[in-house]
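Q: So you can see what is in the structure, the chains are spelled out below.
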Amino acid sequence: MANPPSRKVLGRINLYYWKHENLGRGLVTGFGIFLAGLTLLMAGFLAVKGLSTFLVDHVSPLEFLFSTKWSPDADVPAFGALIFIVGSILISTLALLISTPFSISTAMFVAEISPNLGRKVLQPAIEIFVGIPSVVYGWIGLSVLVPFIRRSFGGLGFSLLAGSLVLALMIFPTITSLAADAFRALPTDFREASYALGATRWQTVRKVLLPAAMPGILTGVVLGLARAFGEALAVQMVIGNMIRIPGKLTDATVNLTSIITMDMGNTATGTPWNDVLWSMALLLLMISFLFILLARTTGQKRRSLK
Amino acid sequence: MRRRIRPQITDRIATATLYLVAGAFVLLLVAFVGYFLYSGRSELNFKFLFTEPAFSTAGGGIGPELFNSIYLVFLSGLISVPIGIAAGIYFAEYAKPGRLTDFLRLSIETLSSLPSIVVGLFGFLVFVILTGWKFTLMGGALAVTILNLPVIARTSEDAIRSVPESIKEGSLALGATRWQTIVRVLLPSALPGIVTGIIIASGRAFGEAATLLYTAGMSSPRLDFTNWNPISATSPLNPFRPAETLAVYIWKINSEGLVPDARQIADGASAVLILAVLAFNLLARFLSRLLGRRFGGSRS
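Protein chains in written order, with this note's numbering: chain A, 1 to 306; chain B, 1001 to 1300.
Hints were generated in silico from the structure; no laboratory data involved.
Predicted, not measured: the structure shown is a model, and the values here were computed from it.
Take the hints with a grain of salt, since some may be wrong.
20 Å max Cα-Cα, derived SDA-like pairs, lysine to any residue [as the list claims (entries may be wrong)]:
#: 1; chain 1: B; residue 1: K1096; chain 2: A; residue 2: G24
#: 2; chain 1: A; residue 1: K69; chain 2: A; residue 2: G80
#: 3; chain 1: A; residue 1: K19; chain 2: B; residue 2: V1185
#: 4; chain 1: A; residue 1: K120; chain 2: B; residue 2: L1283
#: 5; chain 1: B; residue 1: K1096; chain 2: B; residue 2: L1172
#: 6; chain 1: A; residue 1: K120; chain 2: B; residue 2: V1033
#: 7; chain 1: B; residue 1: K1096; chain 2: B; residue 2: V1033
#: 8; chain 1: A; residue 1: K120; chain 2: B; residue 2: L1028
#: 9; chain 1: A; residue 1: K120; chain 2: B; residue 2: Y1019
#: 10; chain 1: A; residue 1: K120; chain 2: B; residue 2: L1287
#: 11; chain 1: A; residue 1: K248; chain 2: A; residue 2: D263
#: 12; chain 1: B; residue 1: K1168; chain 2: B; residue 2: T1181
#: 13; chain 1: A; residue 1: K69; chain 2: A; residue 2: W273
#: 14; chain 1: A; residue 1: K120; chain 2: B; residue 2: L1278
#: 15; chain 1: A; residue 1: K69; chain 2: A; residue 2: T204
#: 16; chain 1: A; residue 1: K120; chain 2: B; residue 2: L1290
#: 17; chain 1: A; residue 1: K120; chain 2: B; residue 2: V1185
#: 18; chain 1: A; residue 1: K19; chain 2: B; residue 2: T1181
#: 19; chain 1: A; residue 1: K207; chain 2: A; residue 2: R184
#: 20; chain 1: A; residue 1: K207; chain 2: B; residue 2: T1017
#: 21; chain 1: B; residue 1: K1134; chain 2: B; residue 2: P1230
#: 22; chain 1: B; residue 1: K1134; chain 2: B; residue 2: M1218
#: 23; chain 1: B; residue 1: K1096; chain 2: B; residue 2: R1161
#: 24; chain 1: A; residue 1: K120; chain 2: B; residue 2: V1030
#: 25; chain 1: A; residue 1: K8; chain 2: A; residue 2: W18
#: 26; chain 1: B; residue 1: K1096; chain 2: B; residue 2: T1181
#: 27; chain 1: A; residue 1: K207; chain 2: B; residue 2: L1172
#: 28; chain 1: B; residue 1: K1047; chain 2: B; residue 2: D1261
This is chain A alone, in the form it adopts within the complex (with noise of 0.2 Å):
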């Protein structure tokens, strides 16, 4: 029969529970409250520069969300940022457009229709795709995709649809797999009770189980907007950066990380050209915060950080 431990074992053992029950709980806290603490200190550093624009400069918010006047350079200068979010918009829209239907597709394919080759050939080229840096796309979309636009269709060849085709390539991966997720996490009794009542295959995926997916495909669709949206040089380096709204898909424009990139190297901190580009980052993030909110909404509750 064991004597009850002393005292001071006891208070051995609870030095040792502190030591390693409370320092690792509190450091790993601290980590993660840190990560988490990371955004609000990003977020609030941005507007700061970002609305000085508005509080030091007296640049309206209207004019800057609202006018197609940029002059930053002039005697009266005109900071009006809409070429630049309209090209934003246009080029991730189109992306997304081309985008999708192949990734619903391919997201059918691997799920549904060959999950072993899905699994042994298209996961891995996925991942691989994912991998490829965006300048590496750039770079691609400026020494092929470019010059064979100006022979097919004219131009410079530096355009609205060169941008658009390599968001659409870069957007593809987080769509696919986001999707296949969507359809992977059916239960099997959709696809069994579809196949009882003697749907073919495609009636099965096409009426049971893609609405069913829809909202996990929808995730999917906006988070791949919301990386298109952000990219900045696969763009810079194919759209020709022309301070205009495009008439035709052929045409150059510009977008928001575009200017970003290039005028950030040569304006002099302080000056309102410079803060307007920082209003134009606030603006990113704001968007960016928007499109994950929309994410959440769209998609089922999922568990996991992303």
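Model the placement of chain B on the given structure of chain A, informed by the hints.
A: Then chain B, alone, in the frame of chain A:
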């Protein structure tokens, strides 16, 4: 009869179309990789990979850029791996469901979807202007860390969560404390997944450019590769010097256009980046399989 046959025919057509789309996608990837390896083949030699770039003449290499990319991934990994795994542990094991956790998750989701140029600008503000460091490799590494942290935290969380509940309960039932269970049971079982996440994040950091334009800068000082003193200004190991990486270099020679052989250099450097992506992918697969076997069969 017609009505009964039509769905079957539609089914066949649809199946064939889906095969076609999937096949086209794989072909596209093969063409993509093949194109770069083919067009960059003449540059994949010792001289190109290890010599200094030229400023206005043809025939320059990418030696310092390649080194900077690798060193930057390494530095950023030193910071992001421990913090990312710790945050992953917190969200998998300690975070209680509720408003606060929801809010924290929302913040991190936002962080992981921020455009990399925005992260770069934040890095410019904090690690370049506020600290007074100017353009430095360290500033770039810290900015890339911000990009990587959510990736590593998420994959770590997923990996820890996918460890079977019975293993965890077994450990607790044997009298192990929660922290002991996490460190000695959950982390080893989750290792394949965690390592995969780290490699994916490293691959992303290796090819990142938008974040680095205004943090690590678009130039590299003359480096003396025989000088390994990390405080010396010409030492490659000095983290407080401007450091143009490979991806930034591709962008720069295309927008500046000073070197006459920009096209060959960009082709060669892109081939290197593509090869690195393939290597990172293979490494992730290989390691996760190896570790999965070693630490007892949990899913990776």
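Q: With reference to the structure, classify each hint as holding or not holding.
A: To see whether the hints hold, each was checked on the structure:
{"no.": "1", "hint": "B:K1096 to A:G24", "verdict": "16 Å, holds"}
{"no.": "2", "hint": "A:K69 to A:G80", "verdict": "5 Å, holds"}
{"no.": "3", "hint": "A:K19 to B:V1185", "verdict": "18 Å, holds"}
{"no.": "4", "hint": "A:K120 to B:L1283", "verdict": "16 Å, holds"}
{"no.": "5", "hint": "B:K1096 to B:L1172", "verdict": "19 Å, holds"}
{"no.": "6", "hint": "A:K120 to B:V1033", "verdict": "18 Å, holds"}
{"no.": "7", "hint": "B:K1096 to B:V1033", "verdict": "45 Å, violated"}
{"no.": "8", "hint": "A:K120 to B:L1028", "verdict": "17 Å, holds"}
{"no.": "9", "hint": "A:K120 to B:Y1019", "verdict": "15 Å, holds"}
{"no.": "10", "hint": "A:K120 to B:L1287", "verdict": "17 Å, holds"}
{"no.": "11", "hint": "A:K248 to A:D263", "verdict": "25 Å, violated"}
{"no.": "12", "hint": "B:K1168 to B:T1181", "verdict": "7 Å, holds"}
{"no.": "13", "hint": "A:K69 to A:W273", "verdict": "13 Å, holds"}
{"no.": "14", "hint": "A:K120 to B:L1278", "verdict": "16 Å, holds"}
{"no.": "15", "hint": "A:K69 to A:T204", "verdict": "53 Å, violated"}
{"no.": "16", "hint": "A:K120 to B:L1290", "verdict": "18 Å, holds"}
{"no.": "17", "hint": "A:K120 to B:V1185", "verdict": "30 Å, violated"}
{"no.": "18", "hint": "A:K19 to B:T1181", "verdict": "15 Å, holds"}
{"no.": "19", "hint": "A:K207 to A:R184", "verdict": "16 Å, holds"}
{"no.": "20", "hint": "A:K207 to B:T1017", "verdict": "17 Å, holds"}
{"no.": "21", "hint": "B:K1134 to B:P1230", "verdict": "18 Å, holds"}
{"no.": "22", "hint": "B:K1134 to B:M1218", "verdict": "12 Å, holds"}
{"no.": "23", "hint": "B:K1096 to B:R1161", "verdict": "14 Å, holds"}
{"no.": "24", "hint": "A:K120 to B:V1030", "verdict": "15 Å, holds"}
{"no.": "25", "hint": "A:K8 to A:W18", "verdict": "15 Å, holds"}
{"no.": "26", "hint": "B:K1096 to B:T1181", "verdict": "18 Å, holds"}
{"no.": "27", "hint": "A:K207 to B:L1172", "verdict": "47 Å, violated"}
{"no.": "28", "hint": "B:K1047 to B:D1261", "verdict": "15 Å, holds"}
Hints 7, 11, 15, 17, 27 from the earlier list are contradicted by this structure; the remaining hints agree with it.
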